[in-house]
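Engineer: Spelled out from the first residue to the last, the chains are:
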Amino acid sequence: MKLHIRKSLSNRHSLWKLLLLASSLFIFSSASLWSQDNASAASEPSAPVETYGSFKESEGYATFATDNLWILLAAFLVFIMHLGFATLESGLCQKKNTVNILFKNCFIISMGVISYYAIGFNTHYPGDFNGFFKLGGPLTDAFTDSVNDDGLTHSFANLTSEYADYTYWSDFLFQAMFAATAATIVSGAVAERVKLSAFLVHATALVAIGYTVAGSWHWGGGFLTTLGDALDADGNVIAAAALEAGAEADSYSNAFYDFAGSTVVHAFGGFAALAFVMVLGPRKGKYTESGIKPIVGHSMPLAAIGVFLLFLGWFGFNGGSVLSADSELISRVCVTTALAACAGALASMLVSTLVIKKPDLSMALNGFLAGLVGITAGADAISPAMSIVTGAISGAIVVFSIIAFDKAKIDDPVGAISVHGICGIWGTLAVAFFGGASLTGQIIGIVCVSLFAFVFSYALALILKSTIGVRVSEDEEERGLDISEHGQEAYSS
Amino acid sequence: MKLHIRKSLSNRHSLWKLLLLASSLFIFSSASLWSQDNASAASEPSAPVETYGSFKESEGYATFATDNLWILLAAFLVFIMHLGFATLESGLCQKKNTVNILFKNCFIISMGVISYYAIGFNTHYPGDFNGFFKLGGPLTDAFTDSVNDDGLTHSFANLTSEYADYTYWSDFLFQAMFAATAATIVSGAVAERVKLSAFLVHATALVAIGYTVAGSWHWGGGFLTTLGDALDADGNVIAAAALEAGAEADSYSNAFYDFAGSTVVHAFGGFAALAFVMVLGPRKGKYTESGIKPIVGHSMPLAAIGVFLLFLGWFGFNGGSVLSADSELISRVCVTTALAACAGALASMLVSTLVIKKPDLSMALNGFLAGLVGITAGADAISPAMSIVTGAISGAIVVFSIIAFDKAKIDDPVGAISVHGICGIWGTLAVAFFGGASLTGQIIGIVCVSLFAFVFSYALALILKSTIGVRVSEDEEERGLDISEHGQEAYSS
Amino acid sequence: MKLHIRKSLSNRHSLWKLLLLASSLFIFSSASLWSQDNASAASEPSAPVETYGSFKESEGYATFATDNLWILLAAFLVFIMHLGFATLESGLCQKKNTVNILFKNCFIISMGVISYYAIGFNTHYPGDFNGFFKLGGPLTDAFTDSVNDDGLTHSFANLTSEYADYTYWSDFLFQAMFAATAATIVSGAVAERVKLSAFLVHATALVAIGYTVAGSWHWGGGFLTTLGDALDADGNVIAAAALEAGAEADSYSNAFYDFAGSTVVHAFGGFAALAFVMVLGPRKGKYTESGIKPIVGHSMPLAAIGVFLLFLGWFGFNGGSVLSADSELISRVCVTTALAACAGALASMLVSTLVIKKPDLSMALNGFLAGLVGITAGADAISPAMSIVTGAISGAIVVFSIIAFDKAKIDDPVGAISVHGICGIWGTLAVAFFGGASLTGQIIGIVCVSLFAFVFSYALALILKSTIGVRVSEDEEERGLDISEHGQEAYSS
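Same order as they appear, the protein sequences are chains P, E and H.
Under the numbering used here, think of the first position of the first sequence as 48, with each following residue one higher.
Under the numbering used here, think of the first position of the second sequence as 48, with each following residue one higher.
Under the numbering used here, think of the first position of the third sequence as 48, with each following residue one higher.
Derived by calculation from the structure, the hints in this document are not laboratory data.
All values reported here derive from a predicted model rather than from experimental measurement.
There could be a bad hint or two in this list.
Heads up, the list lumps identical chains together, so a pair's fine if it works in one copy or across two of them.
What the hints assert, rightly or not - Pairs of lysine to aspartate or glutamate residues, derived as DMTMM-like cross-links and limited to a Cα-Cα distance of at most 20 angstroms, are as follows:
no.	residue 1	residue 2
1	Lys-404	Glu-536
2	Lys-404	Asp-276
3	Lys-142	Glu-291
4	Lys-142	Glu-536
5	Lys-405	Glu-106
6	Lys-405	Glu-523
7	Lys-512	Glu-104
8	Lys-142	Glu-523
9	Lys-512	Asp-281
10	Lys-405	Asp-522
11	Lys-142	Glu-336
12	Lys-340	Glu-536
13	Lys-333	Asp-281
14	Lys-333	Glu-525
15	Lys-103	Glu-521
16	Lys-340	Asp-453
17	Lys-405	Glu-536
18	Lys-103	Asp-276
19	Lys-456	Glu-106
20	Lys-340	Glu-525
21	Lys-405	Glu-524
All chains, full assembly: derive it from the sequences and hints.
Structural biologist: As structure tokens, this is what we get:
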């Protein structure tokens, strides 16, 4: 896609061409499925296949239905995170860039879900694939093997398998909402000076390709899950000869462990953001000869709404990652999640009061998020007591990290690189310290994913810079992106 | 009610009389039930009747409990839509009318739920009724046949019936939240110039009578479900003689199909809004000799919060309409809902960029809603691929529709007529195109419901105009309804 | 804790010392558990103990999983209430104190959850304790008896007991979110002039000690549940001799009945607020010689968002208090909750239109909350019809109460004392009038809890006044707490 857009998009009004191109691709991929789907009958839309009907009568259905409901509810909660990101980011930026930020967030969730349908889901979960880079096809491919005798496409064949406690529909929705968060992390870091068209291309490639490829290394059965020696069920190393003779590994000695994505989602997003920010440069007037000029957010209530919604959504982000409604696990995971978030906020309040000499609300808000990112990798493996420690350390780290990036003239208006990138790394390491994971495996996973995110994003940003440009003009930045990109103001009387 | 209020309400301070009248009615209807209800015992409030107790021990209870929980959660999600409407509408209107809009939304949900208790539920679901116009009584009537041996009114008799997978309590709450949305649609279209007292009367009549009567035609087992030839289980036409001899129809050849209400809720609300707007006239200064003057919303963050909350709530609106937690169906419905919403937003972004020559945030926001309204009729019948197409077309339609209504000098500050009315029609037709429904049945349903909504609302508005008046004075409109109607400003320092 | 802080905190920058002290306590209590928790293995984090595994295969698990899921969802809903309180309180206060209010709310939920972990949960639910004042230990104590053979701390021993339909994890999270609401009620009443450090200490003591001790009297099996004569299963009084001979009471004739906390949470918070307000005094310029000067809120949309979120969260607050997903009960409770809230709003609209001569939005918003607080004590015991009456009376009371407190020069910027304190009392009495509870028992409960809350809070506030001070200087109040306490403004361009 990148090659096609080089010159044709160098003028202002070419944004719609991009959108047209992208939309055409998706509509085309959808339209090709018309014939097979169009036979569905509204008069009996829910007529279950015989086998689904008997499954519903069987003993296991009640638990399955609860499991499936929880995954669906978790998808809704992760959806709420997108509203959280939209309001947090708006609140922490200047008034004159609010429309632009909201538009970007509308685009991210839309393009995120549609692209995950078109390509992402099957890239992310390629089945037995253990490689490094492979793209999947549209969602419906996954359903073609399904029972389909009433004109509707059912996912029943998978529905009762040993593999899953939920329908593929729920799985898709949960993972699609999840995927789109990666681009949202970047959005905040590049706010207030990124060119809209460049951001839209970057976000699409990042969500549809970058995130899903990296994610497949861990969650798609990729190489990060098979690090180190193959172990049998008792934890003993299986000899190479035995493996060649067909012995199967139960687990691996240095397997990378990242429960809900401290690295695979958050560090990925954080380092993709870092790369884009480095290509983009800081906001005009931020780093002057007389020092760092703070550019304060235009609405702290919006920012606070954002953080509370993110906290809420995280119960689905982590709790849904259990992939069932297992009573013990989902409840435990939600408890560690809440404890880490609260400890993170308290630690940030304390540390910022010590360091900045005032009880800073922005830091308190980032403290919640730091705690949440920090516990994400080990929410099921770290005890409640240690989740408080993990969250508190994360909340302390984020204060120093935000200050350090500012000193390094890496301009990140919302602190996304610190919250997601740095605390994502901390959280992944914390599973080794407090949750029994292999430190080697954790480090390998962090390096592979973060490096890939950085390189992917950096290369993409450079290509965009040399083609359509990544940054608005100084004059446009001065007037604000709302007027210069959208011809619209966020507030009026 | 309308006849009683004619002259007595023509002065400013008569609003309270209206409220008094309405409240008295409800309190009276409640108070008449005092004696039978007042015997309940707090010391054993939950003491189950023996039969409920044995049901809870039975095999089917676990699934029933999950089904019931989901309907309840869906009610909460639809409740969230009311906050979504309140914030969307506030954000898209001028600052000086914000208190008025919020007050209207507070009233709608309150009066909506209470009137649904007093009259709506039993009008909406009259059992075997197949007629055109019939009013029901208070909710508790439905419960009097219930097991009631512990001093509390239980709905147990219905609870385990073949009919429902949920308690009547959950059913009531879900449908009550649903019903109130019809008036909310109107609220946005008439904003910034409607007289508060007139709106309150209009909304009450619309929710308590208009919506529930029209809804009964489809969901209450009314005539829209028995259109065309009677068919047996194999889809063959049953001869008239056989029907007279007592043969029962399994379905009907031209049955109207509207899963969650593209027509029955949204087109109903949209055309009721159109009628009221036509009686009311445009806002002062909107259509001048020198052209159409845009009146921009005062807070795009509020509007965006509204749309995201509406998107979230729609998972309950559509998913809850499955009326059980059937794993296959609720998950499928939520997937088509999300895909259509996202495709709608992308299409609106694209089309508005093409047509208005800028990436317009308001259009992007309305695109989400257009896609959601569009998929509502066929969320269970249209495939995921076709739900993308349905949503995308809806998102394109809404842009042209909003522009067209503006050219026709139909002043709709939030685009509600286009989003709910026009896209509601499109969505209902889409089930014929992509979901196998009868085109004839769909057209009959659309015409009957939309026409009824229009005529009902138009007649009501005319009566109000000739009695208490429907519009504030020019001076009041100029100063804003917050000051003129409420003596209060929405924002201060 | 109070004795240690006397002099050392009298200067401005000593806030961090307080935070340091508090955080140290919690981190210490956590760290002491390090050794026992640190053995957990990430490679098999969810490996169930054999007994849990067999429970999951058993017939009862499906219902248990649904029950547990609901308690967890209810905890999320109560969490949302904290965002509701934060936005309501911000919206109803002046712009210049917004950062301060948001910071306080961030602190309350953080400290609330962590302190509930460290001390609150085991103070609140002490098992067989029937006394007046006893403090518990950290959460993990409750889990040490649990099955624990895989390196993780499981709560399995309790999980399948007759006692509970949910895991202790869910119980903890629900109750922790609940507990933190008590301090939030106070926050609104003391806003715009309270010193941040004093509030933080007050809130911590109130949540960690005051609320949990008072709560244990009712929900912890304390003396309020054993008032009056001991009754057998048929409701007959058991003779003293029989009791001495070992006969066990089935219930008590004057047992205090408070389903979800009209008294135990709301009146507690309301009277704690009243005491603090009396020590603190009114805002500068509120009560002048020329009369009462209204100080209006700075953002009604924020306030409205808050109330809708509180309404939503209340479904979890009341519905979750069923402590299972019992279909009949949770649905019934949510219906009475919604009816009372809506009736409360209608009544407030009506009464404020009659009394204040205008349809007042603030009163409408407080009417929802009044109805909600009013039904909380009897949501499971009062019929739907009577819940409308209960809510409507509550909505009328709140208008008069707010006016009366203002006349008495008790300055409560958000009306929290009226909404939670006065309507909490009304709601508790309503269970005697409409739900069959003992009036004597209700009055005893109200007096004991409200008096304790008042005295506890008053004494605490006096101690704080004589040590670190409870009120900012006049100059700081004039400039606003955002600048004077945080050096940060909530809004900028």
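Engineer: None of the hints should be skipped; say for each whether it holds.
Structural biologist: Hints, verified against the model:
Proximity of Lys-404 and Glu-536 under a CA criterion of 20 angstroms is satisfied inter-copy only: 16 angstroms between copies versus 36 angstroms inside one chain copy. For the identical chains of this complex, Lys-404 and Asp-276 are neighbours neither inside a copy (50 angstroms) nor across copies (59 angstroms), given an alpha-carbon limit of 20 angstroms. Proximity of Lys-142 and Glu-291 under a CA criterion of 20 angstroms is satisfied in neither setting, with 63 angstroms inside one chain copy and 71 angstroms between copies. In the homo-oligomer, the alpha carbons of Lys-142 and Glu-536 lie at most 20 angstroms apart both inside one protomer (9 angstroms) and across protomers (14 angstroms), since each shortest distance falls under that limit.
With identical chains, the CA atoms of Lys-405 and Glu-106 are never at most 20 angstroms apart, being 59 angstroms at best within one copy and 56 angstroms at best between copies. In this assembly of identical chains, the alpha carbons of Lys-405 and Glu-523 lie at most 20 angstroms apart only when taken from different copies (15 angstroms versus 34 angstroms within one copy). Neither within a single protomer nor between protomers do Lys-512 and Glu-104 lie at most 20 angstroms apart by alpha-carbon distance, with minima of 59 angstroms and 58 angstroms respectively. Taking identical chains as interchangeable, the C-alpha atoms of Lys-142 and Glu-523 lie at most 20 angstroms apart only when both belong to the same chain, with a minimum of 14 angstroms there against 27 angstroms between chains.
Taking identical chains as interchangeable, the C-alpha atoms of Lys-512 and Asp-281 are never at most 20 angstroms apart, the minima being 53 angstroms within one chain and 63 angstroms between chains. Taking identical chains as interchangeable, the C-alpha atoms of Lys-405 and Asp-522 lie at most 20 angstroms apart only when they sit on different chains, with a minimum of 18 angstroms there against 35 angstroms within one chain. With identical chains, the CA atoms of Lys-142 and Glu-336 are never at most 20 angstroms apart, being 25 angstroms at best within one copy and 34 angstroms at best between copies. For the identical chains of this complex, Lys-340 and Glu-536 are inter-copy neighbours only, at 16 angstroms across copies versus 25 angstroms inside a copy, given an alpha-carbon limit of 20 angstroms.
Within a single copy, Lys-333 and Asp-281 get their C-alpha atoms no closer than 57 angstroms, and across copies no closer than 73 angstroms, so neither meets the 20 angstroms cut-off. When the C-alpha separation of Lys-333 and Glu-525 is checked against a cutoff of 20 angstroms, the pair qualifies only within one copy, where the shortest distance is 12 angstroms, while the shortest distance between copies is 31 angstroms. When the C-alpha separation of Lys-103 and Glu-521 is checked against a cutoff of 20 angstroms, the pair qualifies neither within a copy, at 62 angstroms, nor between copies, at 62 angstroms. In this assembly of identical chains, Lys-340 and Asp-453 lie within 20 angstroms of each other by CA distance solely inside one copy; the values are 10 angstroms within and 45 angstroms between copies.
In the homo-oligomer, the alpha carbons of Lys-405 and Glu-536 lie at most 20 angstroms apart only across protomers (13 angstroms), although the nearest pairing inside one protomer, at 33 angstroms, exceeds that limit. Proximity of Lys-103 to Asp-276 under the C-alpha cut-off of 20 angstroms is found in neither arrangement, the shortest distances being 42 angstroms within a copy and 32 angstroms between copies. For a Cα distance limit of 20 angstroms, the shortest separation of Lys-456 from Glu-106 qualifies neither inside one copy, at 61 angstroms, nor across copies, at 61 angstroms. With identical chains, the CA atoms of Lys-340 and Glu-525 are at most 20 angstroms apart within one copy only, with a shortest distance of 15 angstroms there and 27 angstroms across copies.
Taking CA atoms no more than 20 angstroms apart as the test, Lys-405 paired with Glu-524 passes between copies only; the shortest distance there is 17 angstroms, against 31 angstroms inside one copy.
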